[in-house]
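Chains A and B are the protein sequences, given in the same order. In this text, residue positions in the first sequence follow the numbering used here: the first is 24, and each later residue adds one. In this text, residue positions in the second sequence follow the numbering used here: the first is 24, and each later residue adds one.
Warning: the hint list may mix true and false statements.
Partial list, derived from the structure: chain B residues whose beta carbon lies under 7 Å from chain A [as the list claims (entries may be wrong)]: (1) Ser40; (2) Arg41; (3) Glu63; (4) Arg122; (5) Cys126; (6) Ala217; (7) Glu283; (8) Thr306; (9) Phe320; (10) Pro337; (11) Asn341; (12) Asn343.
Since the hints were derived computationally from the structure, they do not count as laboratory data. Quick reminder that beta carbons are idealized off the backbone N, C-alpha and C, glycines included.
Next come the chains, spelled out residue by residue.
2 protein chains.
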Amino acid sequence: MDNPFLVEVLRGELVESRHRGSVSVIDADGATVLSIGDVERHVFPRSAVKALQALPLVESGIADKYGLTDDEIALACASHSGEPAHAAAAASMLAKAGRDVACLECGTHWPMGDAAARALAAKGKSPSALHNNCSGKHAGFICLACGVNEDPAGYVKAGHKVQQTVRAALEDITGSSHTDEEQGIDGCSIPTYAIPLPALAFGFARFGTGAGLSRACQEAARRIRQAVAKHPFMVAGTDRFDTKLMELLGERAFVKVGAEGVYCATFPELGYGVALKADDGSTRAAEAMMAGLVLHFLSLRDEERAAVEALAQPVIKNWNGIEVGRYRVAPDLLQ
Amino acid sequence: MDNPFLVEVLRGELVESRHRGSVSVIDADGATVLSIGDVERHVFPRSAVKALQALPLVESGIADKYGLTDDEIALACASHSGEPAHAAAAASMLAKAGRDVACLECGTHWPMGDAAARALAAKGKSPSALHNNCSGKHAGFICLACGVNEDPAGYVKAGHKVQQTVRAALEDITGSSHTDEEQGIDGCSIPTYAIPLPALAFGFARFGTGAGLSRACQEAARRIRQAVAKHPFMVAGTDRFDTKLMELLGERAFVKVGAEGVYCATFPELGYGVALKADDGSTRAAEAMMAGLVLHFLSLRDEERAAVEALAQPVIKNWNGIEVGRYRVAPDLLQ
């Protein structure tokens, strides 16, 4: 099945590039609200499920045991830009578990945010694993291990208790088995399991509503959503899509990017979960698709609508600030 | 017409993302050697035609008048990474025409190369227009204007003599009219004209062989190809695809990336020109496609083949250096 064109990138009035994709929107009963393209194809959710991966940390009471703050819980769900506040919060989480940066097994890279990388270089510094965009999630994993007196060493491996716990939490909320055959290794070295978009969307419908979850898991999901809504900077960073959208809409839309063009979201007031993928792995396309769905589903005030429209169908300016093109989202998503 | 999948990106053994595209390979007589996908769709060549845009500078004798060196001629064809040698050569070209950075109308951005951007920041400096990846092309345009005592001011505009000269050179070598209706504005503010891939490929077949060109244009094409083959660093930069491929193959393959997934090339020994586009605008896909075509068409020694194979179907490693996936190029391109 050929997925349809969902985002076009225009230069002048000509279509220069085109992105195909698939979209699944599911309600908390598991019913299909919207389905576009081949949604049965299994997709690695990558970082789009970090909030679900953080559920055991909160549900277990370990987040409270260590006194994790809301901005730290938001960081546990983040693909952050490696700005100073992100690195500091990751260090604080580790310190609360009696650990430090040496425990992180995510690897080191320069801050994902170009300006943050240059700012670090301008100070004559090099990055540490705290700057890895996944450091908050990994600090959460280390808290999860230490909270039950488990040695965190090797916590990224599929056989470690941390990953077994996280895998079970993902299977529970998505209702989809996570098989060894469909296991890949993520950029930060933890396992990632390919499942269909509707299962991911169903998981996010439940994350957004609590439907069908234990009381403790409901509370954990609510706490995570509220923490991110209060600290949208911590989940991404300066000028990032997720931060801008959640600064605008607060708890009305929880959205999270994953690598290779995956996006997940929940719109709690509607009881919907969303999962989508750009076939080609493009983040620009996935962002435009997600913003289109926000326009499609949520009632927005005029100024909110204008701000989300600018995320869905941005004008493209060149290095001299001249308008040279724009994005166009497929009507199926937008209207 | 749906373009076929030409590059797949695997995580573990599962296909995570897929890129469609179209390819045209044309010989110097204009005959089709290879055609994949919808090649009649008009494509903005963007920076992939910089070498053709540099023809008037050399053909007119102005490059010699100003004593431009081979590395400067290579820079005139470059989408460079903004490393110190690139910025210095652009400044030198401008000085030879009695001008300086203030004349550049390409706009300013941080070096395209992340390491170069951080190195600049580490020195406490900000970028100038010399760091714009197009600064060499623009310095060449300014030389072209000054060489005939034309005021370079406004040289980026379609109505300026520089752009009229460049447009005529592109129309001549590609045999394809460049219409106002299919004019877009490029990232560096000059016009870019959408034409079909076979016309682009034909232009590069002639650029590689001189067939059907005036003696002066033949000489200019040869000089540009040799200059780039001698200075492949100047046309791109550290760890860049074009630099690596031409360091390996010298004059046997002239290749040049453009924005939004466009690539052009010529293999002079075969008399072929190549033009391709990844539908979604992805550079990673366009690079893999081009490397696949090099493997397809050129006879290579074992070590050369292994090096090009690593560009076509690279292994993907994560931040810990663990192998997590790989690229797979469609057999149509590769074999």
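Hint check results:
Taking 7 Å as the C-beta cut-off, the interface hint given for B/Ser40 holds, the closest approach to chain A being about 3 Å. Look at B/Arg41: its Cβ gets to within about 6 Å of chain A, closer than 7 Å, so that hint holds up. The interface hint given for B/Glu63 is broken, as the beta carbon of that residue sits about 14 Å from the closest beta carbon of chain A, more than 7 Å. Restraint check, B/Arg122 versus chain A: the minimum CB separation of about 18 Å is more than 7 Å; hint violated.
Because the closest C-beta pair between B/Cys126 and chain A is about 14 Å apart, greater than 7 Å, the hint is violated. Because the smallest distance between the Cβ of B/Ala217 and any Cβ of chain A comes to about 6 Å, under 7 Å, the interface hint for this residue holds. Contact between B/Glu283 and chain A, as hinted, is supported at the beta carbon level, the nearest pair being about 5 Å apart and thus within 7 Å. For the restraint placing B/Thr306 at the interface with chain A, the shortest Cβ-Cβ distance is roughly 11 Å, beyond the 7 Å limit, so the hint is violated.
Taken as an interface hint, B/Phe320 does not check out: its beta carbon lies about 25 Å from the nearest beta carbon of chain A, beyond 7 Å. Below 7 Å, beta-carbon pairs count as interface contacts, and B/Pro337 has none with chain A, the closest being about 15 Å; its hint is therefore violated. At its closest, the beta carbon of B/Asn341 sits 5 Å from a beta carbon of chain A; the interface hint therefore holds under the 7 Å criterion. The interface hint given for B/Asn343 is met, as the beta carbon of that residue sits about 4 Å from the closest beta carbon of chain A, less than 7 Å.
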